[in-house]
Structure formats: C-alpha cells, structure tokens
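Number of protein chains: 2
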Amino acid sequence: MSIQLIGTRASFCPLARDLSTLCQVPQDAPLMTGSGEVGVIGLGVMGRALGLNLADHGCRVVGFDQNAKRLATATGGDSPIAAAAEIEQLMAALEAPRVVLLLVPAGAPVDQVLDLLGPNLAAGDVVVDAGNSHYRDTQRRAQTLRAQGTTFLGVGVSGGEAGARHGPCIMAGGARSGWHQVEPLLGAVAARVGGRRCAALLGPDGAGHFTKMVHNGIEYADMQLISEIHHLLRHTAGLDDRAIAALLSSWNEGELQSYLLEISVDILRMLDAHTGQPMLDVIVDVAGHKGTGRWAAAEAIELGVPAPNLLAAVGARAVSAHPSARMALAKRDQRPSPFPEQAPARLHTDLESALLVGRLASFAQGFELLRAGDARHAWGLPLSEIAAIWQGGCIIRAKVLETIAAACAEGLDERGLLGHPAFAQQLADHLPALRRTVALAAAAGAPAPCLASSLAWVDGMHTAASSTTLLQAQRDYFGGHGIERVDREGRFHLDGSEA
Amino acid sequence: MSIQLIGTRASFCPLARDLSTLCQVPQDAPLMTGSGEVGVIGLGVMGRALGLNLADHGCRVVGFDQNAKRLATATGGDSPIAAAAEIEQLMAALEAPRVVLLLVPAGAPVDQVLDLLGPNLAAGDVVVDAGNSHYRDTQRRAQTLRAQGTTFLGVGVSGGEAGARHGPCIMAGGARSGWHQVEPLLGAVAARVGGRRCAALLGPDGAGHFTKMVHNGIEYADMQLISEIHHLLRHTAGLDDRAIAALLSSWNEGELQSYLLEISVDILRMLDAHTGQPMLDVIVDVAGHKGTGRWAAAEAIELGVPAPNLLAAVGARAVSAHPSARMALAKRDQRPSPFPEQAPARLHTDLESALLVGRLASFAQGFELLRAGDARHAWGLPLSEIAAIWQGGCIIRAKVLETIAAACAEGLDERGLLGHPAFAQQLADHLPALRRTVALAAAAGAPAPCLASSLAWVDGMHTAASSTTLLQAQRDYFGGHGIERVDREGRFHLDGSEA
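Those protein sequences? They're chains D and W, same order as listed.
Quick note, the working numbering runs 96 ahead of the 1-based positions in the first sequence.
Quick note, the working numbering runs 96 ahead of the 1-based positions in the second sequence.
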C-alpha cells in the first residue's frame with residue numbers, strides 16, 4: 097500500500113517518505129458510485145486539495161474562487177476540477193438537489209458567500225461550511241438558512257493540505273437529513289482507520305465546528321509541548337537537531353506515536369535548500385495562528401473548564417510574538433547554567449515520559465471542554481466516536497487516542513479521563529518524570545509553560561484540600577462575596593452571618 | 097489618624113484592627129463644599145457604601161433600588177441616604193444638571209436601568225456607571241447616550257466594600273466635560289496617597305472600565321499566587337495558619353507590602369465563630385468569580401498579549417470548581433512525600449522571593465495588557481498615573497507599584513516593565529528563589545500554576561532563540577501556513593518556495 101503525491105505542491109515535503117501513514121487511505125478504497133457531484137467555493141490550499149480528493153473518488157467537481165489566479169491554478173491544466181466563472185454558473189452546472197462546499201476564510205467571507213449563494217439555492221440543496229468557522233456563527237447561519245428552506249452543515253475538516261488531499265478527519269454538525277445527502281461524498285474521501293471512516297455527524301448545528309475547535313486547542317497544546325521538549329534537548333541538553341530527530345523517532349515507535357511527532361522528526365532532519373543549514377536555524381521563532389486555538393481557550397474560560405494547557409499554549413504563542421523585546425532582554429540576561437550533571441539516558445527517558453503526561457493532560461482537558469460544550473448545548477456528542485475518528489486523518493491523531501476511545505466507550509464520570517483506570521495508570525506511571533522535568537527546566541531557565549501547566553493541572557485535580565479557601569476568604573473579606581462552609585448549606589460571611 | 101467603621105456591616109471583620117491602612121483617607125480630608133448632590137441607583141454592598149461615603153463628605157444622596165429590602169436597609173434608620181420609591185422620583189429630587197451613579201450588576205441590568213432613566217434625563221445630566229461593566233458595553237452605551245445628549249461615564253471603582261465606604265480607587269473613562277462635573281464628588285470620596293487623590297479620568301469611553309478589568313486580572317493572579325504560597329507553607333512545609341500569618345506579616349513589612357497580603361494575615365489569624373476552628377478549615381475550597389478576571393484573560397487572548405499569569409489564575413479557579421472530582425481523585429492518589437529536607441529559613445525566604453517575582457510578573461503582564469488596549473483603542477492611557485492611583489484604595493495596592501509608577505513615568509519601551517532597570521533588577525535578584533520554589537513544588541506535588549507561569553513567562557521573555565521555530569515549521573508542514581526566515585523578507589514554505 098503506497099500513495100503518490102499527485103496534483104499537490106510537489107515539493108510540499110522535500111524529504112521523500114512514505115505518505116501512507118500520513119494519509120491512511122488505502123489505494124483500494126472504494127470509489128464513489130453513481131453521479132456524485134459537488135460544487136466547491138473557495139479554492140485555496142484546503143478547497144483545492146479537497147476538490148482533487150473528491151475527484152479522485154469519482155466525483156464531478158465544479159469549483160469557483162473570487163480570486164482569478166487561485167481559480168486558474170486549481171482548475172487549469174489537467175485538473176479534474178471544472179471552473180465556474182461565477183457562483184451562478186457553478187450552481188447552474190450542478191444537478192438538483194445540489195451539494196456545495198464552502199472553503200473560505202472564517203468570519204465575514206462566509207457570510208458574503210452565503211449572501212451570494214442565497215438567490216441560487218433551491219429546496220433540497222445542502223450547503224456545507226467546511227472551513228474553520230466559529231461554532232456560534234455556524235449555529236446562527238444554520239438557523240437563518242433553515243428559515244429559508246436550505247440545509248446548512250458546519251463541518252470541521254482536519255488534516256491540513258495532505259489530509260484534505262488524501263484523507264482528512266471530518267467532524268460534521270447539523271441536520272441528519274443533510275448529512276445523509278453528503279455522507280456518500282465526504283465519507284468516501286475521509287481517512288480510514290481499520291476500515292472505519294473518519295467522518296461522522298457529531299450532533300446538531302455547531303457541534304462539528306465546536307469539536308474541530310477543541311481539536312485545534314489540543315493541537316496548540318501538543319505542538320507547544322513538543323517545542324518545549326525540543327528546547328530542552330537542544331538548548332539545555334545540547335543535542336543538535338539530527339540527534340533530537342533520532343530520539344523523537346524512537347519515541348514515535350511507542351506510546352507517543354503521533355502525526356505531530358512524526359512530522360517533527362521530518363522537520364528536524366531537513367536542511368534548508370538555500371543555505372544548507374538545519375531547517376529550524378533559518379526560521380523566525382514567532383508563532384502565527386488562525387484563531388481556532390484562541391477560540392478554544394476563550395471557550396474554556398467562558399465555560400469555566402479547567403483547560404490550562406490550552407491557555408498556556410496560547411500564552412506561549414503570545415510570548416513568541418514579541419521577538420525584538422525577547423532579543424533585547426536576552427542580551428542582558430544571565431541564564432542559569434544548563435542542567436546540573438544528569439545522565440543523558442535518564443534525561444531522555446524523563447523527557448519522553450514528560451511529553452506523554454503533557455499530551456494526556458491536553459487531551460483530557462480537551463475532552464472536558466467537549467463535555468462542557470455538550471452539557472451547555474445538549475448536543476449529545478458521541479465522545480467515543482470523536483476519539484475514534486481523531487485517530488485518522490487529523491493533525492492530533494495519536495496512539496493515546498486508543499486508550500481515550502476505550503475510556504469514553506465505557507463512559508466518563510465527573511473525574512473525566514482522569515477517572516479511567518487505564519488512563520490514570522498511564523499518567524501515574526510517567527508523572528514522576530514530569531516532576532523532574534519541570535524542576536530541571538525551572539533550574540535551567542528553559543521556558544516550559546505547557547509542561548508546567550500539565551503538572552499543575554494533574555496536581556490540582558488530585559488536591560482534596562486546596563488553598564482556594566484563602567482566596568475565597570479574601571473575596572469575602574474585601575468584596576462581601578460570601579463563602580460556602582464545609583459543615584452546612586448556604587452562603588455566609590467570615591463572621592458567620594448569612595450572605 | 098484613625099477611622100471608625102460606621103454604618104457598614106459592623107462585624108465585617110471580626111478582628112479589631114486599625115483600618116487606616118486599608119482606607120488611607122485621613123480624617124482631615126476636606127469635605128465637599130456647596131450643594132453637591134447625587135442619585136445612587138443600586139444599593140447593594142457597593143452602592144450603599146459609596147452612598148454613605150458621599151454623604152460623609154457633605155453630599156446629599158438620594159438612593160433607589162428595585163429591591164425594596166435593599167432600599168429599606170440602605171435608607172432606613174439614621175441613614176443619611178434619602179429613599180426614592182421610583183427612578184422618576186429620584187430624578188425629580190435632584191437639581192439639574194444631575195449626577196446619577198449606577199451600581200447595578202454588569203450586563204442586562206445596566207441597560208434596563210438606562211432604559212428607565214432615559215425619559216427622565218435632561219441636557220447636562222451625567223450618568224456614571226460605577227459598576228463592573230465590560231468596557232465594550234460602556235463604549236456602546238456612551239455612544240448611544242451621547243446621541244441622546246447625555247454624558248455617560250464608565251467608572252471602575254475598586255476597594256471592595258471597605259474601600260467604597262472609606263476611600264476607593266476610581267478609574268474613569270468618558271468625556272472630559274462630564275468628568276469635570278463629577279470630579280468634585282468622586283475625587284472627594286476617593287482614597288488619597290501622599291495627598292494625591294486616587295481618582296482620575298484615564299481616557300475616553302471605555303478606558304476606565306478597561307483599566308478596572310486589567311486591575312481585576314492582576315488581582316486574580318495575585319490572589320492565586322498568595323494561595324499557592326499558602327498551600328506550600330501549610331500542606332507541604334507543614335506550618336499551621338497562625339505560623340503562616342506570622343511569616344506573611346513579616347513579609348508585609350518589606351517589598352511585598354500590600355493590601356492582599358495584609359488581609360491574608362488577618363484571615364489566617366481568624367477563628368471560626370461557630371466551631372472555634374481556624375477560619376480556612378471551615379471554608380469550601382471552590383473559587384467563585386464575577387467575571388472581570390475572566391474578561392481580562394479573554395481580552396489578553398484577543399489582543400495577543402502574553403499574560404500567562406492572568407490565564408493561569410483563571411485556570412486555577414476552574415480547577416477549584418470541581419471539588420467532588422478532586423476529592424475522588426485525591427483518595428486514590430499517591431502524593432509524593434513533602435519537600436526533601438530543606439532548611440526552613442531558606443525555604444521561607446525563597447517563598448517570599450517567589451511571591452515577589454510572581455507579583456512583579458503579574459503586574460508587568462497587566463501593564464502590557466493596558467498598553468495593548470491603549471494601542472488598539474488609541475486612548476492615551478496615562479500608565480504612570482494608573483500606577484499612582486492604584487497605590488491607594490484598590491485591592492491590588494502594593495509597594496511594588498512605587499517602582500512601577502517610576503518606571504512608567506520614565507516611559508516603557510517594547511520590553512515593557514522588564515526593560516526598566518529598577519524593575520528588572522528587583523526581578524533578577526529574586527528569580528533564583530522562584531526557580532527553586534517551582535522545582536520544589538513540582539517535586540512535592542503542590543499545584544503552583546501561577547508561580548510556574550511567572551517563571552515560564554520571565555524565561556520566555558528572555559529567550560532569543562526559542563523552539564517556536566519547530567512549531568512554525570509544523571504549521572507550514574501540515575497547513576502550508578508559511579514561515580518567516582531570519583535571512584530575508586517575505587513568507588516561504590519549508591522547501592524554500594514563496595508562500
């Protein structure tokens with residue numbers, strides 16, 4: 097089983113490798129039968145890749161993009177995507193009932209396209225927003241379009257360009273009737289794991305984009321954790337990137353197996369084409385973002401979910417975004433000396449374990465965010481199914497999701513994943529190494545916000561008698577907000593009076 | 097100079113103490129002259145206290161509350177606050193141009209009161225929202241009312257009940273003409289530091305409530321830091337609360353001098369009136385909140401400001417809010433043994449220093465949030481003046497604000513407070529102790545999210561070559577988002593092609 101990169105930016109990855117583990121689509125995946133056809137509006141990286149993927153599976157694809165250059169690039173030459181010069185033309189080229197995928201930037205552009213689409217829609221058409229829209233926008237749009245007789249699905253698509261091209265993870269939300277219409281198309285192009293399609297309807301309006309938002313929050317945290325581990329290995333332990341790649345590659349054979357670790361190994365082995373230097377040495381260390389990770393953090397705050405890893409990852413990206421301040425401050429700074437003498441073997445296994453606990457913490461927090469969103473909106477999110485479809489196609493696919501899917505299938509109590517024996521055991525086994533890692537990073541002056549927040553979260557969630565009592569007493573002292581007592585119901589002031 | 101608690105909940109603080117340091121209003125503060133008069137709508141804890149404070153200063157106060165019980169409590173007996181049965185009656189009782197203070201819960205209640213007020217307003221009247229409104233709501237309301245010819249000020253009032261009663265910190269935003277009308281009233285009742293009134297117009301619409309929101313974000317972080325230090329002292333080092341009170345009281349004589357530390361000492365010395373137990377032992381360790389700290393965290397995320405302490409404090413409150421999960425998990429948990437042998441003297445000075453660095457970090461992050469809001473809204477926030485008025489009346493008043501005010505007066509560059517020599521020196525002197533503290537907390541299993549995030553932020557801001565390069569490479573690898581290069585302008589993919 098192997099797959100060739102066809103029709104994508106051929107030089108996407110300068111290192112030859114077998115893409116099968118990235119894409120997880122067997123070549124013998126069944127093609128769609130019948131006259132599947134779809135319109136794709138927005139032919140950027142994701143729209144074009146998804147369009148080509150649909151075409152590979154026997155679907156007739158008509159594409160439109162407001163940007164003439166993007167339209168020409170996606171539909172020119174021997175591209176199987178047919179070009180439409182206008183949205184009207186695209187709609188006229190499809191047989192009713194029509195399926196239209198939007199892959200345009202989140203926010204106003206989606207509303208603009210929907211405004212243009214509106215007059216061209218007929219009863220039975222299904223509009224699928226496959227971009228990274230905020231789930232509240234999706235709820236609003238679905239409601240508006242429903243009133244106009246159109247079915248609107250909000251669908252999170254993960255896997256980046258390669259995933260969209262060869263098998264993404266597809267998280268849908270909206271009316272079941274609409275999903276039935278598009279499932280033959282989207283199910284066919286999705287990733288597969290053990291014969292199972294990584295595509296599912298997860299709930300009503302907004303449930304798909306909410307799940308994708310949480311996915312991206314976990315993604316932010318996992319990327320940050322890997323970067324922190326890299327920093328410790330390179331700048332503190334003094335390994336070069338090839339040595340780190342070898343180490344990470346060995347980790348990727350075990351419990352840490354994941355897409356993000358795999359591509360990190362690839363990246364660490366890359367040499368810059370222009371200078372011949374290690375790839376990372378030519379990259380500016382400022383993190384960009386497209387907003388979804390920040391939305392996840394903001395949603396955790398809004399819902400009161402303890403998801404400190406997601407917050408710490410957002411905070412770390414913000415720190416990175418001040419490079420000239422950092423450089424000016426670093427000049428004057430006296431860093432502590434690197435790790436006190438430490439046997440490399442022990443250090444390496446400690447970092448491996450620390451990364452595993454950090455990842456488990458990020459996922460557990462993400463699943464708490466899913467549960468809180470589910471409780472707020474009464475969606476009935478199928479957590480076990482989410483953990484199952486996240487095992488293929490998407491950016492955060494990882495071996496730990498096997499344990500998580502099993503735990504969710506058994507049902508989670510108030511303790512969440514921390515309450516599941518297998519998950520808790522795995523975490524407990526590796527926790528001492530995270531303790532040592534956080535301590536070493538602190539001593540060495542290596543910033544490790546997400547590792548540290550993982551540990552603080554685990555310890556916080558295992559603390560029966562916390563010092564929040566003092567904080568609550570302060571709040572009553574200065575603000576008269578009242579406290580609850582351990583020995584009776586009600587709210588009281590510090591002096592014993594009722595609040 | 098001493099002040100008696102009169103007319104407030106007399107048992108507010110069960111321990112007798114001199115309130116002068118709390119209130120910082122000398123008894124010889126000049127009373128307002130002339131016929132100052134004001135309407136107060138909303139007579140809860142803060143409205144009533146502020147009304148009594150105004151009355152103390154010779155102001156005629158007419159009060160209204162929709163809740164008849166609250167109205168009766170605040171205006172009955174020998175209260176100097178006159179009762180109005182309806183808003184119309186309140187407005188009729190005041191001479192034009194009128195000043196009306198709103199002290200109602202943030203959100204819809206403010207809009208409801210404004211709707212009721214509307215028909216009763218005349219040209220020249222000034223409406224002051226002195227509650228904890230979101231600054232965006234304040235901007236919207238000011239614009240709406242301006243179109244109707246009314247001046248609307250959004251005013252953050254800090255100091256809790258005691259502050260409002262005896263001298264709060266007052267942070268105003270809105271039209272200068274409106275401020276001139278209310279300044280004689282609000283300036284008179286505000287706290288004073290060295291003869292200076294802790295009340296100022298900080299900028300146009302929204303600037304006051306934005307500043308108050310940041311104040312509360314710093315407050316969340318400082319409270320969390322003190323709680324973490326308490327946890328280390330009590331649950332790990334094994335001190336009881338009276339011993340901790342003695343220690344904190346000695347710290348409060350030095351660089352850590354602050355209102356929050358002072359009241360913590362009071363609290364730690366309290367015995368519960370019902371059981372005779374140490375006060376904290378009867379309090380449920382679940383943190384409540386009124387939203388402003390969460391708004392500050394969400395705003396930091398929105399503006400891309402690195403304020404990880406504010407985020408960590410919000411995350412820690414969320415962890416606390418799951419007590420039954422924590423208790424269930426703690427039962428099964430094998431905590432590490434407490435600190436390895438550690439000389440108590442060294443441990444205590446380390447924790448003192450760790451708290452100081454944590455506090456400096458929280459303030460520095462808060463000031464970055466102020467600067468980012470200022471830049472976004474072009475308010476012209478007077479940072480030095482904010483640091484000055486925060487030294488009196490408000491909850492976060494602290495000795496470190498002297499250094500901060502001086503630094504702001506000299507002007508901050510891109511490095512923020514970290515770039516100021518005095519601030520940086522203070523931080524550098526105590527940083528090694530924070531390193532040891534974070535390491536010890538990690539080893540001991542004591543959750544210290546805000547201490548850890550302080551350290552990660554300091555280290556992150558002093559890192560010239562971070563591993564964010566790897567994170568950015570990942571983003572381009574899977575998402576084609578592009579990277580920036582250290583050696584040329586533009587955006588590129590990993591293969592060297594232009595993005």
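Don't take each hint at face value.
If several chains are the same, the list does not tell them apart, and a pair holds so long as it fits within one copy or across any two.
[To be verified] No more than 20 Å apart at the CA atoms, straight line, and that leaves these computed lysine to aspartate or glutamate pairs for DMTMM-like:
#, residue 1, residue 2
1, Lys-495, Asp-211
2, Lys-427, Asp-509
3, Lys-386, Glu-184
4, Lys-495, Glu-358
5, Lys-386, Glu-580
6, Lys-165, Glu-498
7, Lys-427, Glu-510
8, Lys-427, Asp-591
9, Lys-427, Glu-585
10, Lys-165, Glu-448
11, Lys-427, Glu-133
12, Lys-427, Asp-525
13, Lys-165, Glu-594
14, Lys-495, Asp-377
15, Lys-386, Glu-506
Just so you know, the hints here were simulated from the structure itself, not pulled from any lab data.
For Lys-495 and Glu-358, with the copy left unspecified, which applies at a CA distance of at most 20 Å: within, between, both, or neither? Cα proximity of Lys-495 and Glu-358: one copy only (12 Å, versus 50 Å across).
Checking Lys-386 and Glu-506: alpha-carbon separation at most 20 Å within a copy, between copies, both or neither? Neither way: Lys-386 and Glu-506 sit 35 Å apart in one copy and 36 Å across, limit 20 Å.
From the Cα coordinates, with 20 Å as the cut-off, is the pair Lys-165 and Glu-594 best called within, between, both, or neither? For Lys-165 and Glu-594, the Cα distance is within 20 Å only across copies (15 Å; inside one copy 69 Å).
Identical-chain pair category, Lys-427 with Glu-133, by Cα at 20 Å: neither (59 Å within a copy, 57 Å between copies)
Regarding Lys-386 and Glu-580, is the shortest C-alpha distance of 20 Å or less found within a copy, between copies, in both, or in neither? between (41 Å within a copy, 16 Å between copies)
Check Lys-427 against Asp-509 for me: Cα-Cα at most 20 Å, and say if that holds within a copy, between copies, both or neither. So Lys-427 and Asp-509 pass the 20 Å test across copies only (15 Å; inside, 50 Å).
Taking 20 Å as the upper bound on the Cα-Cα distance, should Lys-427 and Asp-591 be classified as within, between, both, or neither? Neither way: Lys-427 and Asp-591 sit 53 Å apart in one copy and 32 Å across, limit 20 Å.
Can you give me the call for Lys-427 and Glu-585, within, between, both or neither, at a CA distance of at most 20 Å? neither (57 Å within a copy, 24 Å between copies)
Within, between, both or neither, where Lys-427 and Glu-510 count as close if Cα-Cα is 20 Å or less: between (48 Å within a copy, 14 Å between copies)
Should Lys-495 paired with Asp-211 be assigned to within, between, both, or neither, using CA atoms and 20 Å as the limit? This pair counts as neither: shortest intra-copy Cα distance 43 Å, inter-copy 57 Å.
Is it within a copy, between copies, both, or neither that the alpha carbon of Lys-165 lies no farther than 20 Å from that of Glu-448? Cα proximity of Lys-165 and Glu-448: none, with 46 Å in one copy and 62 Å across.
With identical chains, the pair Lys-495 and Asp-377 could be close in the same copy or across copies; at 20 Å between alpha carbons, which is it: within, between, both, or neither? neither (30 Å within a copy, 43 Å between copies)
Checked against the numbered hints given earlier, the structure breaks hints 1, 3, 6, 8, 9, 10, 11, 14, 15 and satisfies all the rest.
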